[in-house]
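Number of protein chains: 2
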Amino acid sequence: MAHSYEYPRPALAVDCVVFGFDEGDLKVLLIQRDLEPFAGKWALPGGFVRIEESLDQAALRELKEETGVGKVYLEQLYTFGEPKRDPRERVVTAAYYALVKLSDHRIKGATDARDAAWFSISDLPRVAFDHEGIIETALRRLQGKVRYEPVGFELLPPKFTLTQLQHLYETILETTLDKRNFRKKILGMNLLIETDEIEQDVAHRAARLYRFHEAKYRRLEKEGFNFEL
Amino acid sequence: MAHSYEYPRPALAVDCVVFGFDEGDLKVLLIQRDLEPFAGKWALPGGFVRIEESLDQAALRELKEETGVGKVYLEQLYTFGEPKRDPRERVVTAAYYALVKLSDHRIKGATDARDAAWFSISDLPRVAFDHEGIIETALRRLQGKVRYEPVGFELLPPKFTLTQLQHLYETILETTLDKRNFRKKILGMNLLIETDEIEQDVAHRAARLYRFHEAKYRRLEKEGFNFEL
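Chains as they are written, first to last, in the numbering used here: chain A, 1 to 229; chain B, 1001 to 1229.
No lab work stands behind these hints, which were simulated from the structure alone. Hints should not be assumed to be uniformly reliable.
What the hints assert, rightly or not - Here are the simulated PhoX-like cross-link-like pairs (lysine-lysine), alpha carbons at most 20 angstroms apart as the crow flies:
id	chain 1	residue 1	chain 2	residue 2
1	A	K222	B	K1071
2	B	K1145	A	K145
3	A	K216	A	K185
4	A	K64	A	K101
5	A	K145	B	K1222
6	B	K1185	B	K1145
7	B	K1101	B	K1071
8	A	K222	A	K145
9	B	K1216	B	K1184
Just chain A, with the same shape it has in the complex (with noise of 0.2 angstroms):
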C-alpha cells in the first residue's frame, strides 16, 4: 500500500490510569514492568496500539491483558508526545483515565507475567516514563470533575452514609470540607434520597443511610452543576 507520510513514524501507544475508590482510600492501579527500559519499576497498565484497532480498544485491551481488569469504562484523558519521554526511541501515548469501585476490581495478580496492585494516591512508588505527570493530570482531570458532575454513582455502595460520601469528595479533592456545609450543599442539590434504614454493625451510633436519586443524578451529569466546596 502507498503510505501518505513516507518519514520515520513515532510509536503510537495508550497508557490506563485507573482510579479505584475503597474504604475512603483513593488508589490507583500499577504494573511491574518486566522489560527494560525501567524493568522492575511500577508504571501504567499500557502499550502499543495495533495497527488494525482503536485507540479505545487499544487500551481496554493492554489493561485486561496487565491487569486482569476488564469492563470498565475508560475516558480519553490527553495524548503525551514529548520527544524525550521514551529513552528507547519516539513514543506517543494517549493517556486513558477510569475510576471504579475498588471492591468489583479485585486484582487477579500477575497476568501477562507481570505484577498488578493498587497503591494509594497519597503513597505512590515512583512510576516509569513520565507516568507520575500523567497520574498527575488524571487526577487533577477527576478533581475538576468532581465540581461540574456527580461523581459517585460507580464508586459508593447502592446506599450509604453522608460520611461516606463526604468522606469520597475530600479524597478526590485531597482536601477536608466543613461537615455542615457539604451537607447543606448535597442536600441542597436534590440528588439524594433519604431511605428508612440506617447503618448496620458500625461501633459508633448508626447513621441514615441514602441513596442516589437516579434520573436526577443522570441529568446532573448531562447538565452540570457547580459544587463549590
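Given chain A, put chain B in place with the hints provided.
Leaving out everything else, chain B in the frame of chain A:
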C-alpha cells in the same frame, strides 16, 4: 536504533480547530486541500507530526504553514484514532482547538499553495475525513468551557457593551438568552467593570461600555464557576 515496537505503525498527525469570533458570528478556519484524497475539499489545517517535534509544536507549525495564523493558544482537544478515518492508511490525529479574535487573524490567502478561509459555524461546507466530527467535538468543548470558565477576554474588544457580551454567549451556545436574566447573572459575578464611556457612532441609543476585571477574570478562569443560562 533498536525500535521498541517492530510492527506496522499508524501515521501520526495533528489537526487544528481554530474558532474566530467576529461581529456576532462564530467561525472556523478551514483550508482547501490540494492533494488527494479529498482534493479540492475543505478541511481543518493540519498535517503529519515530525519525528523530532512535540505534538504542540506540530500543531502550531502546521497552522502557521497552512493558514499564516500564528501566536494562538492551541489547547489539545482529543485524539481521533478510528482505523478507517483516513482512506489512505491508518492515520491517528491529535486534534487541537483555539479561540481567537478574528480581526487579529486576517487570512493572508493562499499560503503553502493552499486557500484558507473562515466559515461561519452555522454554514460550513462539507469537510474532508472525519473533520466534521472533530469540529463538533471542539464546539461541544467550547460550550462546556463557557459554562465553567469566563470566555470573552480574548474575543471581545477591550471595552464592550453587555449586548456584545450576550451575543458572544448566544453564538457559542447556539441559543438565545433572556436579556434581563443574562445581565443579572453576569453583573452578579463582579467580573465586569463599568466604564464612564458609551458606544460611539451607533444608530441606536448608545450603550454603556464595560471591561473585564482582569484579576477577577484570571481567578475565575482558574477556579471555575457555573454560569447557568
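* To do: Could you tell me which of the hints above the structure violates, numbers in ascending order?
  => The structure breaks only hint 1.
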